[in-house]
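Engineer: Taking the hints into account, I'd like the entire structure generated from these sequences.
Quick note, the sequences are listed as chains A and B, same order. Residue 405 in the working numbering sits at position 405 of the first sequence, with consecutive numbering throughout. Add 478 to a position in the second sequence, counting from 1, and you land on the number used in the working numbering.
Errors might be hidden in some of the hints.
What the hints assert, rightly or not - Part of the chain B face toward chain A, derived, beta carbon under 7 angstroms:
1) A564
2) E569
3) L570
4) M587
5) A630
6) P740
7) F742
8) D762
9) F808
10) T844
11) T846
12) A855
13) P859
14) W869
Hints were generated in silico from the structure; no laboratory data involved. Ideal placement from N, C-alpha and C gives every residue a C-beta, glycine not left out.
There are 2 protein chains.
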Amino acid sequence: DPRFESLLDKVKEIVDSNESRRLPKLPKGTRDFAKEQMAVRDKAFKTITDVFKRHGAMALDTPAFELRETLMGKYGEDSKLVYDLADQGGELCSLRYDLTVPFARYVAMNGITSMKRYQIGKVHRRDNPSKGRYREFYQCDFDIAGDYKTVAPDSEVVKILTELLDELNIGDYEIKLNHRKLLDGILNFCGVPTEKFRTICSSIDKLDKLSFEQIKREMVDEKGLDVETANKIGTFVKQRGRPLELLAELQQGGSEFLEEDPAFSALNEMDMLFKCLESAGCIDKVVLDLSLARGLDYYTGVIFEAVFKGATQVGSIAAGGRYDDLIGMFGTKKVPAVGVSLGIERVFTIMEQQLQKDQNQAIRATETQIQVSVLSADLLPLAFKLASACWNARISAEYMVHKQIMKHINRAIELRIPFMVIAGKDEIEKGVVKLKDVVANKEEEVPSSDFFKALKREEVTLSDFAEELIARLRSMSS
Amino acid sequence: DPRFESLLDKVKEIVDSNESRRLPKLPKGTRDFAKEQMAVRDKAFKTITDVFKRHGAMALDTPAFELRETLMGKYGEDSKLVYDLADQGGELCSLRYDLTVPFARYVAMNGITSMKRYQIGKVHRRDNPSKGRYREFYQCDFDIAGDYKTVAPDSEVVKILTELLDELNIGDYEIKLNHRKLLDGILNFCGVPTEKFRTICSSIDKLDKLSFEQIKREMVDEKGLDVETANKIGTFVKQRGRPLELLAELQQGGSEFLEEDPAFSALNEMDMLFKCLESAGCIDKVVLDLSLARGLDYYTGVIFEAVFKGATQVGSIAAGGRYDDLIGMFGTKKVPAVGVSLGIERVFTIMEQQLQKDQNQAIRATETQIQVSVLSADLLPLAFKLASACWNARISAEYMVHKQIMKHINRAIELRIPFMVIAGKDEIEKGVVKLKDVVANKEEEVPSSDFFKALKREEVTLSDFAEELIARLRSMSS
Chain A
1 DPRFESLLDK VKEIVDSNES RRLPKLPKGT RDFAKEQMAV RDKAFKTITD
51 VFKRHGAMAL DTPAFELRET LMGKYGEDSK LVYDLADQGG ELCSLRYDLT
101 VPFARYVAMN GITSMKRYQI GKVHRRDNPS KGRYREFYQC DFDIAGDYKT
151 VAPDSEVVKI LTELLDELNI GDYEIKLNHR KLLDGILNFC GVPTEKFRTI
201 CSSIDKLDKL SFEQIKREMV DEKGLDVETA NKIGTFVKQR GRPLELLAEL
251 QQGGSEFLEE DPAFSALNEM DMLFKCLESA GCIDKVVLDL SLARGLDYYT
301 GVIFEAVFKG ATQVGSIAAG GRYDDLIGMF GTKKVPAVGV SLGIERVFTI
351 MEQQLQKDQN QAIRATETQI QVSVLSADLL PLAFKLASAC WNARISAEYM
401 VHKQIMKHIN RAIELRIPFM VIAGKDEIEK GVVKLKDVVA NKEEEVPSSD
451 FFKALKREEV TLSDFAEELI ARLRSMSS
Chain B
479 DPRFESLLDK VKEIVDSNES RRLPKLPKGT RDFAKEQMAV RDKAFKTITD
529 VFKRHGAMAL DTPAFELRET LMGKYGEDSK LVYDLADQGG ELCSLRYDLT
579 VPFARYVAMN GITSMKRYQI GKVHRRDNPS KGRYREFYQC DFDIAGDYKT
629 VAPDSEVVKI LTELLDELNI GDYEIKLNHR KLLDGILNFC GVPTEKFRTI
679 CSSIDKLDKL SFEQIKREMV DEKGLDVETA NKIGTFVKQR GRPLELLAEL
729 QQGGSEFLEE DPAFSALNEM DMLFKCLESA GCIDKVVLDL SLARGLDYYT
779 GVIFEAVFKG ATQVGSIAAG GRYDDLIGMF GTKKVPAVGV SLGIERVFTI
829 MEQQLQKDQN QAIRATETQI QVSVLSADLL PLAFKLASAC WNARISAEYM
879 VHKQIMKHIN RAIELRIPFM VIAGKDEIEK GVVKLKDVVA NKEEEVPSSD
929 FFKALKREEV TLSDFAEELI ARLRSMSS
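Structural biologist: Rendered as structure tokens:
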């Protein structure tokens, strides 16, 4: 039917024209950062980097993608969230899922036996994007690798986490802490078969979101534990309390399984860890929580997770732990390691909310100090002469060309640019420029030569210049 | 044959064991940044960011990948170098190839009509990796979008490029500059058919690597121009010289085609541009070079490229130009724009070479100021008390646990940590800690309480502390 054909062509034409006219989109779960958001982000990264550097860490940057084999077998069930690159010939690669595995790869590849490193970078996960959850987000990681015989690195990593959260100043928090080996001891003692340890752990880990009855049903109905075993698990994992106190209770009133490995060394390690944290003055932030299990496969010792206190929306802001076998998976050498990872997206959200509450704290998106305003297009070379004098003196400046002076002034006020330098035909004839203090709304003419001389002095700073400008304005008004 | 079976099993075993033992690798054309390289990189980024901010630009960060449709049809022949993500269900995405197209997408998507932005980020290209060429590399971009009626943005972008290269201090350079419309006028005048403009441009663009005879052969033999046309092109594109002088020559002695558009407006724009650059004091860095054509499709006006002077290895360090139609490709609104992109990898290489030459300038990979040294493992909580006092006072500190004091001292010397705080059993009994100036090799015992008091003062800084320490050491030695 030719009418059908012609109709089809019409439809195709409309679709095409819509296609070409519609606005571009971002991939699902990603976003742009601009303006005030960038200022907030820079502030957060500065705080975090300062803490990391203060602990003697080296910076590391790794590629956005790794060979697929590097990431395989590291994330358990979460492996399905890894983004793969298309096979365009050559190697098979995937976007990095976290910063821990690339760090382990780096340490193994370079035969390193000891390293303290920090890394701030984007990671990618094919998760379901939801409110406040993204497929591309930043992680801020600090890790210590090396054959340390003590829990010093574990203690330092927890101390660092408290410094991060204290200095970011984003609300009251607590750090839930547990030990994989203690958990293994408990599961073993309760009669859980070894091959079910990890899957039972992931049920226990849900205790922050579900009731014990709910996870008991999961363990019994779905994972085939008997009811008695599940109940026995319940008597342990419901325990949480102040670290040194709960630890003493466990050590004294505990069952005999706590006197043999793996639980025994776990308790000893935690004892020293808590003493170090007490010395460091941050133990008040820590809660020993026997229900904490953490999803990832690679943890082998201390594990921890920071959460906001009294928050309705539960969820961790940061997490970490010891992973003694991960680096060894890449080479012949086993290098023990422990680290912490801060998910910065939630931090950004909180900082942005804080900003909105406190309007006085409003952050400028740019740092421009001087607006060079010329009043006609043929004066453009003059604008460049004036602005370049500022730029060359390391002063932040912008030019503007427009006939109406009010357009200039309004722009400066709107962008909160504190000073203006104005030149029109009149000023040129007189050999002057007009300096304006935008906030005080005062202005004065100065010989152009003075302006250039002021900016040519060695080591001129904006404060020198502003001082001079303000002094002139004062003398003018007096 | 059972022997064959058993042999096969042996081979399989060996292969598996080799497989598990071999070291991990990086994807081809990518690299890690660590230690001194990171310090160099941070320094370069700081210099670049300072220049960008000084010109009133806002920071922007866009995702590592975009929808594939966003990148399609923007890069001409280079589209084959775009990295695609695998189709894992959902949208088709590709890693960003540059920062210009994501910027154009951002401007169009947000209905922006005027914006000055900078962006520093990684881009990915499936190029053949070779010496100094990577598949993942950083670009540092500055762009001005908006309906400016003058060449002010073009002038500012070129001025910024001179500031970047001057302040990075990586060697003598020149900026080759041309205008797409002038080039179009020339090609038209020489008799090149419109549909061959872009392909002839890409031949002309090779004049920095090939002789005119070679590109003439390409234009005639491969691209089907007649010899006369090719020769005529030669008389133009061989011209290069000081901007204002060559421009005046063209305007006076030029053919009549220079008196009509597109060449006429190109010459006028360049006239104003050069006057602005003269005013800005940077015209000496610019060469008007009629052979510059630039590969990318999207340029529509002024184009430029910075190269090192007298370098044997030719190749651009930075490039840019005007692209008035790119943003309009994403929306209904046409927003003209001009920008510059600095490829930072070459800059890193040069800065690293400079560092190696000047050993005195050696950069430390960490900033640790104090090493807290305890002499037995059971003193770990004390180490944490001493180190935490430093950390809480915002002083960079590391602890070390080892029986032998020389191990401690050697570590501090090797890592160039200037001060040590030492505590062993003796010191604890006496209620003191030992302070050591590592460089001067002097030490003194101070009451532990003094140490903590010094660090508890409000706004204590390392220089306060060091001053006090040095004063003590001086009084000790006198």
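Engineer: Each hint should be assessed against the structure and marked as holding or not.
Structural biologist: Do the hints match the structure? See the list:
1. A564: This interface hint holds because 4 angstroms falls under the 7 angstroms limit.
2. E569: holds (6 angstroms)
3. L570: violated (9 angstroms)
4. M587: This hint holds: B/M587 lies near chain A, its Cβ roughly 5 angstroms from the closest one there, short of 7 angstroms.
5. A630: holds (6 angstroms)
6. P740: violated (21 angstroms)
7. F742: violated (18 angstroms)
8. D762: violated (13 angstroms)
9. F808: holds (4 angstroms)
10. T844: Result: holds, 5 angstroms to nearest chain A Cβ.
11. T846: holds (4 angstroms)
12. A855: Given a least distance of 5 angstroms, the restraint on B/A855 holds.
13. P859: This hint holds: B/P859 lies near chain A, its Cβ roughly 4 angstroms from the closest one there, short of 7 angstroms.
14. W869: With a closest approach of 6 angstroms, the B/W869 hint holds.
Hint check: violations occur at hints 3, 6, 7 and 8; the rest are consistent with the structure.
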